[in-house]
Every structure is written in C-alpha cells, then in structure tokens.
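Required output: the full structure, derived from the provided sequences and hints.
Protein chains in written order, with my numbering: chain A, 6 to 361; chain B, 6 to 361; chain C, 6 to 361; chain D, 6 to 361.
Calculated directly from the structure, the hints in this document are not laboratory data.
For clarity, every value in this text was computed on a predicted model and none was experimentally measured.
Please note: incorrect hints may appear among the correct ones.
Heads up, the list lumps identical chains together, so a pair's fine if it works in one copy or across two of them.
Unchecked claim - Listed next, the in silico SDA-like pairs over lysine to any residue satisfying Cα-Cα at most 20 Å (straight line):
1) Lys-7 to Asp-21
2) Lys-215 to Arg-312
3) Lys-215 to Gly-311
4) Lys-330 to Asp-21
4 protein chains.
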Amino acid sequence: MKGYVFHGPGQSAWEDVPDPAIKEPTDAIVRVGAVTICGTDLHILKGDVPEVRPGTVLGHEAVGEIMEVGSDVRTVRPGDRVLVSCISSCGRCRFCREGMYGQCRGGGGWILGHLIDGTQAEYVRVPYADLSVHALPGAVDDKDAVLLADIFPTSYEVGVLNGRVRPGDTLAVVGAGPIGLAAIATARLFSPERVVAVDRAASRLEAARKLGADAVADADEDPEQLIADLTDGLGADVVIEAVGVPESFELCTRMVRPGGHVANIGVHGRPATLHLEDLWIKNVTITTGLVDTHSTPTLLRMAAAGRLPTSQLVTHTFPLNDMEKAYDVFSRAADTGALKVVLGAPSHEDLAVPTA
Amino acid sequence: MKGYVFHGPGQSAWEDVPDPAIKEPTDAIVRVGAVTICGTDLHILKGDVPEVRPGTVLGHEAVGEIMEVGSDVRTVRPGDRVLVSCISSCGRCRFCREGMYGQCRGGGGWILGHLIDGTQAEYVRVPYADLSVHALPGAVDDKDAVLLADIFPTSYEVGVLNGRVRPGDTLAVVGAGPIGLAAIATARLFSPERVVAVDRAASRLEAARKLGADAVADADEDPEQLIADLTDGLGADVVIEAVGVPESFELCTRMVRPGGHVANIGVHGRPATLHLEDLWIKNVTITTGLVDTHSTPTLLRMAAAGRLPTSQLVTHTFPLNDMEKAYDVFSRAADTGALKVVLGAPSHEDLAVPTA
Amino acid sequence: MKGYVFHGPGQSAWEDVPDPAIKEPTDAIVRVGAVTICGTDLHILKGDVPEVRPGTVLGHEAVGEIMEVGSDVRTVRPGDRVLVSCISSCGRCRFCREGMYGQCRGGGGWILGHLIDGTQAEYVRVPYADLSVHALPGAVDDKDAVLLADIFPTSYEVGVLNGRVRPGDTLAVVGAGPIGLAAIATARLFSPERVVAVDRAASRLEAARKLGADAVADADEDPEQLIADLTDGLGADVVIEAVGVPESFELCTRMVRPGGHVANIGVHGRPATLHLEDLWIKNVTITTGLVDTHSTPTLLRMAAAGRLPTSQLVTHTFPLNDMEKAYDVFSRAADTGALKVVLGAPSHEDLAVPTA
Amino acid sequence: MKGYVFHGPGQSAWEDVPDPAIKEPTDAIVRVGAVTICGTDLHILKGDVPEVRPGTVLGHEAVGEIMEVGSDVRTVRPGDRVLVSCISSCGRCRFCREGMYGQCRGGGGWILGHLIDGTQAEYVRVPYADLSVHALPGAVDDKDAVLLADIFPTSYEVGVLNGRVRPGDTLAVVGAGPIGLAAIATARLFSPERVVAVDRAASRLEAARKLGADAVADADEDPEQLIADLTDGLGADVVIEAVGVPESFELCTRMVRPGGHVANIGVHGRPATLHLEDLWIKNVTITTGLVDTHSTPTLLRMAAAGRLPTSQLVTHTFPLNDMEKAYDVFSRAADTGALKVVLGAPSHEDLAVPTA
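Here it is in structure tokens:
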C-alpha cells in the first residue's frame, strides 16, 4: 500500500510500504477513508520529536472502515465505519481506568504516527481497537468526523474543560490557528458572555470571528488592554493558550483575572517564565495536558446533532494520493490560508457534481 | 497604648501610639489578648512590601475581646472573645460574594498591618467586623486560636484544598517551616496515604514527623528520587510549595505525577522557570493564591473538637510587652528553633503556676 | 400609594396603603417600574401559604428606581435603576457566606410579599439592599429584567445547575409552564444534545419548541417511552421537575438514566412516593431547592449580551394600575394562554407609538 | 469441588459442584482463600432476588490465588494473590469507561453469585479478570482484604463519597450494621467533626463507638432531637442511610440540614414517602447507588498502610467447610452479635499457634 513515511528530519515521502497486519488480538485493521495533518506532524518532520524513528508512517487522525479485527475485539466488526482516535487506550492501567487515556501506561496513549505506524496511509493497524476507535453515526460525514480524532477533543478537553469555561465568562483565546479556532467553537458549548481571539494574522482573526469570537485583537496591539477594558480591569475569567511559545504563555498569565484559569493547549519546546512574584497572590489555576479523548463520544453526539462547526475549519481537501501536496499547502499556512486540510474525504463539490 | 510600629526598612519599635477609635459604622475595636508574628512581617521589616507606609502598626493575626462596635455591626458585641482574621471582607463586592475574601475589591482583603494599623498592639480597629472577626468557642484557648488567624487557613485553603488532597494520596510538602507544617497537619484531614516533608533543616523535618509526616527528605539529597521510589516512578499526587523561591517551585513541578496538582503557598519575590517543554503533556494543575479565610469557621470547629494540632507549632510564648524580643527570636529561627511565637497568651505554665 | 394587598384566602385588592419608609440603615426604597406575578402569588391567594398575614402587599419581583437608601447602604444610591431580587440576603449568616441566600438565617431569604410587604405596589422597602438589589445595565429593558428577579435564576440554579446539565446531554423538562420554559431556555447555555419538553397543554409544548425544545411529548402519551426511544432505553441524563405534583415527580424518577440527575423545581404541597425498590441500585441524584439568586449577576450579563430569550416568556403587559386585571389573566392561564404577565413596563408597542 | 448452592427459597447447601473452567479468554479461575457472607446473600436465600436461579453458587466477595487465566488476561497471572471484586467490569461499555462499573452494560456489574456462580466455593470463575480482580499487597492479610470486595467500597462510594463528607461536618449514620459501621470507618478519612450513629441494638451502637462514632442514639429515642441539639437546630450536613426500610430513609430526610446530603446505601424492597412538601425548599441532595468499586485501589492502599480498621468488623471466622454454620451465625446476628463472618482465612490465633 501507500503511506507517508518519515525518513529523518526534512525527509519524507508518500511511497510503497507493507500492508499492516493484525499483531495482537486487540488490534484492528482500518482502511483509511479520510485523514488530516496535524501541526505535530510538521514538528516531527523538522526533527523536534526524536522518538519518532525513521521509517515510521505518520498520522494519528483518521476515519475509515474496519477491514479485520483481532480475536479479542468485541465492539466493532469488519464493515463498521469508525473514527480512529489520536489516543489509544489499553483500558487496564490506572490512568485508562480514570479516563486519562493520554497517560496510558499499558502501551497506549499517543502511539499512532509516533511510536508505531500511523494513519497517513491506505491502511492502518490500530491497537486496542475496542477503546481506540469509535463507531461513526451516519449523520457525520468523513470530513467533519476526522476533526474529532484530535483537534476537537484536544481543544475541548485541554482548553475548554480544563479552563472550566462557564456561562457568562469572558474567555480569551491566544492563538487562532486550528486548535485555537476549535477551542473557540467548543467553548461556545458553555455560553461564555464573550470570546476574544488574539493572533497576529488578520486572516485567522477573521476565521475566529466566523466561528463565534465576539472580539479579536492583534497580538501586537496590546491585547491585555483590550481584556482589561472589557472586564473593568479585572482580566479574563479563562485564558486558553493555543500557540506554544513562552511569550504567548506569559501573555496569558497577564490577562487572567484573580481566581481565573489559564489552560495551556500549546505544545512547547522551551521553558516559559512564570511570574510568581505577581501570581502567587492571584488565586490563579494553570493547567496543562495531552488530550485523553474521553470526550469523543460526547463530541460525536454533538456533531451528529449538527452542533459543532467542524467543517468550517477545513480549508482544503485532497485525494489521499496528494499527500505530499497537502503537506506543502498545510506547512505554508501563512501563504495558503490553510487551517485544516483533509485528504481522502470527498469534498462537497465532489459530492454535488456527478463524476460521469 | 503600645504598638509595634514600622518606621521604614530595618527600623521598628514597640512604642506609644494613639488608641484606635471607630471610624466607620462597620468597625470594631478589639483589645488584643494574643498575637503572633508572620514571616510576612519580617518581609515588611526588610522593606520588601513597599506599600506599607512608615508609621504603620504591624500584625494581621490576633485573638482578643471586642471593646466597642460601630452602629452597623450585628454579629458581635462588646465582651465577645473573637478571632481577628488576617483577611477583612466587605461582604458586598463580587469576590466577597463568591467567598474570595482575599481578593476583596471593597476595601477589605489583607489590610491589617499592611494598609492600616494592625494587631501587634494593645488594641486594634478591625474594619468590616461582621465578616472579619469570628466569635471564639470557649474550648479553644488563645494560643491555639491565634494560629487560625492566618497560618492554618492559609495552609489549608491554598495548600490542601487547592491541591485537592484525597484519601490514599502521596503528598509532598516542600518546606517544613510553620506554613509547611500546618499544611501537613491540615492535609491529614483528608487522609493521604503518606506525607513526605522536604526541607534542609533537620529540626524542621523532625517537627514534620511529629505532625504526621510519614517520610522526610533533605532537600539536598534528591527528594525527587525518594518520591519516585515511593510511587513506582510516577510522582506525587499533590505537591505543596511552602518556601517561596524559584528552586523550590521548580522542584515541585518535577515531583508531581501526570494528572497531579502543585499548590503554591510560598510568597515569591522572583519569577520561576516553568518547564513547559516537559509539563505541557503532563496534565498538571498548578494553583496559586492568597488565603480567603472562608475555611475559618470549619477550622474553628475542628480546633474546638480537638482535631487540629495547633499548639504543636508554638515554640515560644511571650508577654505582649516583649514584642521586640519575640521578633528577635522569630527572626533567628535557624538558631532559636522558633516555629510560631505567640505573645500575650498565658502559657500553660503560667496558667498552672499562680503568679502570686 | 397603591399596592396589591392580601386580605385572607380569596380576598385581595389593589388599594391605598401607606408609603413605605426606611426602617433599618440597610434598607432601600424602590419606586416600582415593572413587576410580575408568580405562581406562588396565586398559592398565597388561595391560602396555601399560611405565614402570609392578611394586610401584606404581595409580590417578590420588580425592576425600579432607588428613591432613598439607609445609612449603611453602599453599593446603590438614589436614581439607580435596579433589579429587586426575590431573595434578600443579610450577607452575614453562615448560609449567605456560602452563597445560599435562599436559606438566609439573618432575616433575609424569601421575605418580600411573604413576611413583609412586597413589590406589587408603587413603592417597596427592600431590606439588605446592598445584597438584595442589582444595578441594571442599560442594555436590559424592564420587561426582560423583571424576569431575572425570580423565574430565570430559579430555573437556572434549581433546575439547570443542580441538575448538572452538560454538553451532549439528553434533558427532559416535565412541565412547560413559565418555570419549565425558563429551564429550557437556560439549559441551552450548556448545550444539551436534545431537550424534550413534557406537558399536557399543546400551547405550552408549542412555546417549548419556540424556546428550543427539540422534541415535545404530551404527558398522557407515554413520555417515558419517547425518552427510552431517544436514549437506547437508558433514560435521560437530566430530568427537571417543573410542575409540583407527586405524579410529575414520580414520572421524572422513571425517566432518568442510571447515573443521572432529577432536579426538582416544583413547589409541592403533598408528599411523593419514592420508589427506592427500583432506585436504590440506579446511582440517581435527586435535588431540591429554593433559589439562592447567586447566579443573578451572571444572568444579567447574559441578558445584556442578548443571550437570554427572556421576553419570549412575556405574553401580556399591563399598566401597574391594572393589577387586578393582570391577576385575572394570569390565574386563567389555560384560557388566556398567559405565561408571564408584566405590569408597569412599557410594551414595545407603547415605545414605538408616541403618546402625544 | 464444594460450593454453597442456592436451591430456591429456604433451600441451600454446601455440596459438590463441578469445578469451574475458563469459558472466555478474559476469564480467570481463582482458588478461594477467604470469603465472606453479605446481607444480600440472606435476601437471596429468602427468595427476594428472583433473578438468582436455583443451582447457582452464591457469594460475591473473595480473596484467593489465580490458578489459570484466559488468553486475553494481561494484568494478573497464575500464582498471584488477588481480591475478587463484587463488581465485574467489561471495560468497554459507556458506563465502564466512566468508572461506573456497577452499571456495566457489557456483561459485568454484579454477576457473581447472582447471574453466574459465585465465590462461596473452593474455586470461582471470574469474568473480565483484568478489571475485576486486584493484585493484593502482601501487607494486607486475607481477613482484612476480603472486606474490600464489597462492604468497604460500598460504604465509601455510595455513602461517604456520594454524601460528600467534608472536614468539620456533622455526619449521621442511620443503621450500625456492617455497612453502617464501614461507613463510619471510611467517613473518618474525611475528618468530620462528629459522627452520630443511630441504631436499635445497643451492641451495634457500642461497635459504632469503637469504630469512631462520637455519639450514638437509639433509633427509638428521638435521634432527630439529638441531631438538632448538636447542630443548633440545623440538622446534619450528611446523613447516610444504611438500613433499607422506608422508615429509616424518611428519618434521614428529616435529619439533614438545608443544603445537606442524604446518601442512601440501604437495599430497599419497598417505596418510601418523600416529603417534598417540606423538602422542596430545603436544597437537599439525595443519592442512591450500587457500588462501582472504582475506589478499590485507593482502599487497598489505605488498608496496606494500616489506615482502615477492617478487621474490627470481623466477629467470627470459620474454615471454608463450615459454610452452613457460618450462614447460621450470620443470619442470627441479633443473637450471635455477628457483624462480618469470614471463612477460609486463618485467624490470627491460628497463625500464632503452629498446627503441629
């Protein structure tokens, strides 16, 4: 089959690789119908994630069809249309039993496209299939569903739920890339009074407005002052960090009100400065986290009910074979305006126009 | 009357000052029966708290008797024996209505011995008396009660409750000074499986053991390894910072398990480094806070029921007039072994031996 | 002035009464701009609330202007436009300090139009004004604001918050009168997947649909089966009781799923049967409660932001002098289709057509 | 092998039955080392639990040694000493994924000695072994450990955690049989100010005192008044029902304070009257539930640390072969003073005296 293979920093290709096969009785083989590219994949390509060995097929998000299951798999069967979660769960370890699948000690966690071959391929082997894939309601099409593999549960759990967004809150989201935009979209499930998006790119702020941001601020034009003006000088109830650099995190800790929450979603490569000389007295709660995907069943129900604007984040669609082109478009987001690119899913245009 | 007056960095004296008088109808005048000295008072003396103006009477903790109340005071009356809380509460602002008295926007918060004259005197004016003093049960003697003005609610709220200590937890407390020791004592209300105290002073680790620490570690002898050994390498469920320096805070963030809590109690003067490059993926919750004293009624009930080892923290008692001597002993804790010093309360020896 | 006075069961009149005056330094006198009638007022008229003494002016909901304040009132002043909450709060008792104002032990709680003269009059004395009235944002007009005095916080706190409605939930609301409708409206702040309204009156079910119910069920046509069909036989995540009769409560306990919540808002006059022989094993949580109005500031912000459909519940408006007519219309809701009637607030028609 | 077989109401015997064998790859076979008898077993014998078919081996609590495991079992292996939980968990269904194993929809829940053969035998087949047995720390002996199969997690989860016992609370426990006593013991992990035990049997009240009750009340001598006296008339913060009859439940709802919790543990066969005419206004939370055993790992740690007084509940020990005698002693608890009887575990006397 074809797969997108990492060959070391700066080297990768859509190329022939062996078909995956069942290795453990808890495995499933999934034929990939739709897949997307994550910012993390770009980090891997740059060499920032050294535990990814050359030769690994990338990708940790997919929608597809079950082709084969191991002898212990009970909840799905061949022919089922499923969502492949970015997180696998052994279901037996302490963390899985507490719903913290991202911290799985039993061989799960984030493994696809990281420690084992991933989803950017025609087929993928999914370990612990019973707890790591989700049967898809017919009402959710592939392009929407694939965003529930990672970006939506990540934004919702690590941003919105950790940040404890509540009705009436002022929420600031720093970073209006795909993750920040999904945080805006899912924060609205808790009806904040207002959502303020902060970014440097006007196009992303425009996207934030479309997804429901009530106000936007250029990161270089004193977003702290805007938040202060909107909140009688108190600060935001919740601030979500969706960039992953120290400056952004530090901005978040300056924008939060006493008693408020800073929820970090960003993937950081460097330490930040925590101004405890100001913060010790402020009753602030700061959270970090890898997604657990415990919210995926809830998000699937919401998507099926038409209550999640998933497709608004998809700016580009490609056939699966155009993986290299899709990577190119996604990696040059500043030029291309890419938010999420989806491969393999028929676009609405495709669906609307008979191919004959 | 006599009071302990701050005259600028390095200058202070127990000297004559005018008697306080009712200024607002919500005020009460309290005759001070027992008072203690806080580490924060030492910071003020050094000049670290610039908003304290020369001429201010220090002190924010006391037990005493109500002498006079303003016309709006309803819950206490002259003759009542009361605890004067370190935090005053206007009761009307947004934060007070949510129980966050420490963040009061209506003229309360930490004001005694800070923005107005405090408790280290023969009499003190207490604003917002209805919400800022607590009638004392007879079963709690002065020496125990005065520790409920600040150190016990601080340790309990900002350490134990913010840290969400639960039955069965492994808890590490970094810093076994008075605040850390009170954190150990109040953490036991939630029955952790084990409490590990970390400090550099053997005498403090010994005190920690007496207050219920199950294990102790010298801060210089790899406390991280001890925690790892005790927890199958996972880390502590809860880590409480009770020192207030960057090194200590950073140690805390290395000792916490995935999904665990770091509760900062320490008063910091410098920023710390937050290693987000390690922590972003760890589902860690970090909290900071000034005490609100919302727990004081609960702690008073527990003290009255004999369930708080308050008096174990009192190493020295003095007559009120020996304020300067008490400061000297408290400020040289490394030499004197002082934990908490209490002035004014008759010691048990005093009570036992008639002075005639 | 004029006021609506209860003279014993079945007897009441809009008649001359003495003007109220400041009695306590914490009082305020409010000129009533808009007022509404509550189902509880009808109960009082029937004699179901024996602690209401003949001679009492009824009403516990109002919007108006502060005319005079006692010497201790600090947060409002004459000329301020305010919401008069149905619950007064002394701010000093144990319950007020915990935000449970409805259980106030210091002379507050539900007193207006119950233990003291109420708001269905030209002027009303409001005790504990600092904590019992709320300054009104200009963006909220009288007719909307007056619904935040009781019905919206009641539905939100006692129904939605107690019931812990969460994104993705199936919520059943039994009773689509004003309280049930407000529960539907405020539940949507937490984005349930679907809301099912149950009632006997087709007109109320129609109103429920307009306020956002996704499905409706006639109470006599097996609503249990509908819920079961929608939830794979499990039952609703949350069921809100908004009728106040045993049959309705018992229906709620049959419709809830294992692990779900039944939140009772209904005012009951008779005991219900609790089928513990079925429920003991089901992990069900049942809550009851009088409103505390701790959520009023949040709801006011949401109303000002245009996020609460308050005015949709107002079916009739009257001048204040038409109190008796308004009671007649409200008490014959089955015939008149009345949901909430508002007196005193200019209707939009009035505003649109100059009176000259 | 031998097993204790139910043959219909009133008929049962310790008799020869076939040895169990692995049926599913997730099964384990456990050689029973220690077992106890539950009040529920007596209900089954009386015919109160009709879904138990004649021919079923009873018992749902055991400690033993793994003899054999199915091909999918990964967390335990032959030779491991384990606790057999009263609840089995499929680990895959919605409820198991949320930690509500008692409500398992995948073939687990309470099945041992109920829907399949149980633990009162020499060997038992345990389905879903990975999630339904717990490896035992050496520090916990059989007699203590077997109480963690059901009674301790039941009391802790359904009583103490559902009731939200907090430091400083007044807790009333109605019913001082084994479950009530275990509730008293585990409630102490949260340091209530006082625990009041209510029962009719003086011997049980005496046992309650030994386990930490601060006060006791004869159920016939106005326990409501005692609670009122202790709480300034307010009522208990938390009331735990541990009897299972309507009168007891109704007493609980009269003893709880406004804002308090009633946690029902009792197994009820008849409906109770819920006095909503009094309770609707009281902000009361009532919970029910079957145990989930999600707390078992925590309780095991606490037991290993010597922090649970499990053995104090064991009044009688027997060899496994004395099952019929043990049932006789347990079923005549009023005469024999039996709390928990344990079979198979060597008593401390046995251990101390060599059998030679």
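Outcome of the hint check:
no. : hint               : in the structure
1   : Lys-7 to Asp-21    : within (5 Å within a copy, 61 Å between copies)
2   : Lys-215 to Arg-312 : both (15 Å within a copy, 18 Å between copies)
3   : Lys-215 to Gly-311 : both (16 Å within a copy, 18 Å between copies)
4   : Lys-330 to Asp-21  : within (17 Å within a copy, 72 Å between copies)
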